[in-house]
Amino acid sequence: MALLEIENLQTHFRTPDGIVRAVDGVSFQVEAGETLAVVGESGCGKSVTAMSVLRLIPEPPGKIAGSIRFNGRELLGLSEREMRDIRGNEISMIFQEPMTSLNPVLTVGWQIGETLRLHQGLDKRAAEARAIEMLQLVGIPEPARRVREYPHQLSGGMRQRVMIAIALACNPKLLIADEPTTALDVTIQAQILDLMRDLKRRVGAAIVLITHDLGVVAEVAERVVVMYAGRKVEEAPVGPLFRNPRHPYTQGLLGSVPKLGSSLTGTATRLSEIPGLVPSLKQRIEGCVFASRCAHATDLCRKVAPALEAKAPGHLAACHYAPRESRGAAAMVAA
Amino acid sequence: MYAYVARRILATIPVMAVVALFVFSLLYIAPGDPAAVIAGDQATPEDVERIRQSLGLDRPYLVRFGAWLWDILRGDLGVSIFTNLPVSTMIAQRIEPTLSLMVVTLLFAVSVAVPMGVVAAWKQGTLIDRMVMAFAVLGFSVPVFVVGYLLAYVFALELDWLPVQGYTSFREGFGPWLENLVLPAIALGSVYIALIARITRATMLEVLQQDYIRTARAKGVGQRGILFLHALKNAAVPIVTVIGIGIALLIGGAVVTESVFAIPGLGRLTVDAILRRDYPVIQGVVLLFSFVYVLVNLAIDLIYTLLDPRIRY
Ligand SMILES: Nc1ncnc2c1ncn2[C@@H]1O[C@H](COP(=O)(O)OP(=O)(O)O)[C@@H](O)[C@H]1O
Ligand code: SF4
Ligand SMILES: [Mg+2]
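Chains as they are written, first to last, in UniProt numbering: chain X, 1 to 335; chain P, 1 to 313.
Simulated from the structure, these hints should not be mistaken for lab results.
Keep in mind that a hint or two might mislead.
Said to hold, decoys possible - Here are the simulated distance ranges between beta carbons: (1) X:Arg73 / P:Tyr153: 57 to 65 Å; (2) X:Asp17 / P:Thr126: 16 to 24 Å; (3) P:Ala248 / X:Asp198: 37 to 45 Å; (4) X:Ile19 / P:Thr126: 15 to 23 Å; (5) P:Ser111 / X:Asp85: 57 to 65 Å; (6) X:Gly72 / P:Val137: 37 to 45 Å; (7) P:Thr12 / X:Lys63: 50 to 58 Å; (8) X:Gly43 / P:Ile9: 51 to 59 Å; (9) X:Leu78 / P:Thr126: 49 to 57 Å; (10) P:Val164 / X:Asp17: 55 to 63 Å.
By construction, the Cβ of each residue, glycine as well, lies at the ideal position given by its N, Cα and C atoms.
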């Protein structure tokens, strides 16, 4: 049993002009202690997937269907009360916007301590002492002084460190980081990534790292899920994915990206531009979701949706024409 | 911080000076000879002359103002033309009912309006929200005296739950004191509640969209903690501001409410003084109300710094 098992996740939003299928049948698993990257262009449903796991999607207008099992427990069947015991405790989350994600009128120490008081029943003093330890752990100098400060007194990088401290305070088994470095400048990005890797080693949490920065993926992830228009189009260990991407969309994304293991700093590692627009999520798409932008698209692609199949051991792709390594090996994995 | 407080207190002095000048001029803004105005229609020329002298109208304007101001600073608000009692004594006799009414109304209104606004924002678009908004519109558009007479009719005359009118000093017991204030406080508070509930709802709607609310939910904070701690603390500044501005509404409304419920307070005193053209009393009461208003707004400015750490002076 994997730590997190997502099966056929469908998160739809009812809007005045139709139903937005933000996530439409996504499945993947996260093993304990593993780092999984989820990549894809902006708007392809990464954040909605993450928010669905913690059931932070407002319902209505949202609606989550499918199955999300955490440690074997079906999260979609839990009450709000039971979900609250999981949030910030067993599963925590870091967001993209460090400047606005902390409450401006509460001290940093109070905000770190809040999770400890909520989930571990610490009293005020014990929570503050632990908050100071956490600030130390995430590399904030003079933690005893900083703990009494307010977010506006800290820089963006510092604030993201505080967010990490909040997320890790209760030793969660799973940390979901939604573009944790996107809003930071390059040197700070590298520091935050180093910190996350270091802490992961110490705490042993699994990480789902959402990003559209393939340089980050190459640096920290073990496995990668590629999303497009609310679907998973490819999934593979990081090495094979970078060396041998099977899906034309992934190939497009990787177009201008430096080789695996190259240094993060300095180089442009954003997703390369793929011509064309992401299809509207309001209509059910017949055929391959990528067909409108794919250079290899055929009539078959436009009519029949390709199945997500193992093209090599542990390497899934949803494309009619993605090359297979060898039938025997692929069939074994798929079975 | 202390320097700021000191500066803010000093800054109220010119404001109060302007208010004092205005209050002093009240008598002279009214058309006609002030002495004749005060003396009334049936006065003899001798009466008018006597009043003219007692007001010192033969001296220059600014000299009179200076003398008047000096008296006030020493706590002497003059003598009532009608009762010949010192104005300060008359105010002292009447201040308890008015103060009681305002404080009870304030506490009642805030403790009803803020949760109302919060819940309306939380349940935006639902029946509860629409009911709160409908009440807010109603509270604005129905005059205080209508609400007052309606409440008195239903709860005092028909149901006989509460006294129809009058006032009992709290020295005679908390129960009787409060009993007499319930209906007046509701009548006076309705506009105030409407005002605070609207601002609370609007501000909370905005705050609930913020990223830090999402963070709080991701931490496992419950709905109550989200609304009343994480969100309300951020919404506090506009809410407290409107509570302060609304004090002016309360002062105006107190005059009407005291008439409706026959409460022997400053409002009644003011109405009586106006009817009798008892200018020293009018001036004393207006001065007092202005002073309270300036003081409340000073207090609110200072409260801001406690509510929002980003506000520094
Ligand atoms: N509350 C909502 N109502 C309607 N549509 C939404 C809502 N939240 C997200 N979406 C839509 O879901 C899609 C996926 O968004 P998101 O998961 O944020 O993308 P990203 O991969 O950039 O994180 C977008 O098209 C977005 O417009
Ligand atoms: S199935 Fe066809 S359209 Fe879709 S990615 Fe593969 S080649 Fe392109
Ligand atoms: Mg996103």
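### Query
Which numbered hints turn out to be false for this structure?
Hints 3, 5, 6, 9 are the ones this structure does not satisfy, whereas the remaining hints hold.
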